[in-house]
Amino acid sequence: MIGDEVPRIHHLSAIRALGDALTGDSDGTSPASHLYDAGSMPPNMRIGAFAMGVLGLPLALVHDKIVGDAESAVTYAIAGLHEHRDRLHGVAGNIEIADKRNEEYVRRI
Amino acid sequence: MSDAFKIPAPDASSSTWMPFDQADLRDMQYATLAMLAYGAAVFPQLKETVVMTGLTVPSDPHELHRVADGWSSFAGSVYGAGRTAQQLHDNVSPASWQAPERDQSGQQMAGFVVDSDSDSESAEGLAFLLRCVANISTVGIYLRFLLASWLVANLVWVSLLGGPATRFYTHLQADWLKSCIQDSTSKLQAFLMRCAVRAGVATFAAGYAHFGLSDGFEPSWAEGREGGTTANA
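Chains as they are written, first to last, in the working numbering: chain A, 1 to 109; chain B, 1 to 233.
Treat the hints with care, as some may be off.
To be verified - Derived lysine to aspartate or glutamate pairs resembling DMTMM-like cross-links, with alpha carbons at most 20 Å apart:
1) B:K187 / B:E48
2) A:K65 / B:E121
3) A:K65 / B:D69
4) B:K47 / B:D183
5) A:K65 / B:E63
6) B:K178 / B:E48
7) B:K187 / B:D175
8) A:K65 / B:E124
Simulated from the structure, these hints should not be mistaken for laboratory data.
Please build the complete structure, drawing on both the sequences and the hints.
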């Protein structure tokens with residue numbers, strides 16, 4: 001960040017636990033499970049073109065388009081959460097590797 | 001007219017006949033009469049039977065209410081996803097993880113929360129719009145039902161009572177026909193104006209739903225962001 005004076009306290013299990021909790025399927029309250037619930041929209045969510053009458057045609061068409069956009073947005077968000085989990089695990093792995101190297105250097109010294 | 005003068009035709013050797021020489025406007029008069037009869041008597045009935053029934057395609061308000069329920073549940077799930085992600089990040093004690101990576105992760109979580117909040121607001125607005133449309137169509141259905149029952153009650157009244165009531169009803173019917181023929185043009189104009197206004201309102205609502213409610217749902221949401229959110233797939 002600024003320099004080496006910044007206290008670097010790394011609790012690797014906490015970092016990995018955060019990453020697993022973001023996408024964990026065992027616990028029902030993870031953000032990814034919320035998004036899975038949102039992404040599985042009720043069946044026949046796309047109303048037809050004439051569901052609001054002939055004059056409501058543009059509104060019905062736009063609604064169907066918005067349904068598709070929302071589904072793709074939820075899919076993107078779930079992929080982003082998985083990517084964030086991978087990033088957190090990568091951070092934890094990097095910290096572990098750095099600690100091992102430091103221990104090795106200390107032993108050599 | 002034929003005796004007054006004749007316009008010299010350029011190719012006068014072939015024929016000297018000119019239109020309107022006989023001063024016979026009967027075809028045009030018949031055509032005009034047919035046009036007037038069509039506009040006064042035929043077209044209003046055609047409008048009543050074809051255009052009105054074509055434009056009032058029955059739509060089920062329960063369908064719209066069900067879709068609005070789906071959007072409400074969608075909004076709740078997305079809002080819960082953002083809040084849960086923020087709580088998960090905040091529950092990790094700062095004592096166990098102090099690093100630039102924590103700040104970066106917190107920023108990404110904040111961006112995720114902001115996006116999920118805007119998405120849930122858009123979904124709630126869409127659900128509200130759909131509920132408004134469904135309630136308006138429900139009111140229209142009940143109004144049409146009341147009008148039909150009134151007409152049927154009048155018919156029953158007229159058929160049960162004979163004599164003066166029937167004469168009175170015949171007089172009313174003739175008066176109504178007269179006014180219908182007289183005001184058909186203005187009624188048609190008003191009908192077309194109403195149709196134009198309704199189409200404009202529908203187009204405006206569609207534009208509002210497209211540009212005002214689907215900010216977060218656009219596919220460019222996840223592609224155009226540069227590391228701001230976690231949604232960079």
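Here is what the structure says about each hint:
1. With a CA separation close to 11 Å, the supplied pair K187 (chain B) and E48 (chain B) stays within the 20 Å bound.
2. As the CA atoms of K65 (chain A) and E121 (chain B) are separated by approximately 18 Å, the hinted pair is consistent with the 20 Å bound.
3. Restraint check: the Cα-Cα separation between K65 (chain A) and D69 (chain B) comes to about 18 Å, which is no more than 20 Å; the hinted pair holds.
4. The hinted pair formed by K47 (chain B) and D183 (chain B) meets the criterion: a straight-line CA distance of about 14 Å does not exceed 20 Å.
5. In summary, the hint linking K65 (chain A) to E63 (chain B) is supported, as the alpha carbons are separated by about 17 Å, within the 20 Å threshold.
6. As the CA atoms of K178 (chain B) and E48 (chain B) are separated by approximately 16 Å, the hinted pair is consistent with the 20 Å bound.
7. Restraint check: the Cα-Cα separation between K187 (chain B) and D175 (chain B) comes to about 16 Å, which is no more than 20 Å; the hinted pair holds.
8. Under the criterion of a C-alpha separation no larger than 20 Å, the hint pairing K65 (chain A) with E124 (chain B) is consistent with the structure, at around 17 Å.
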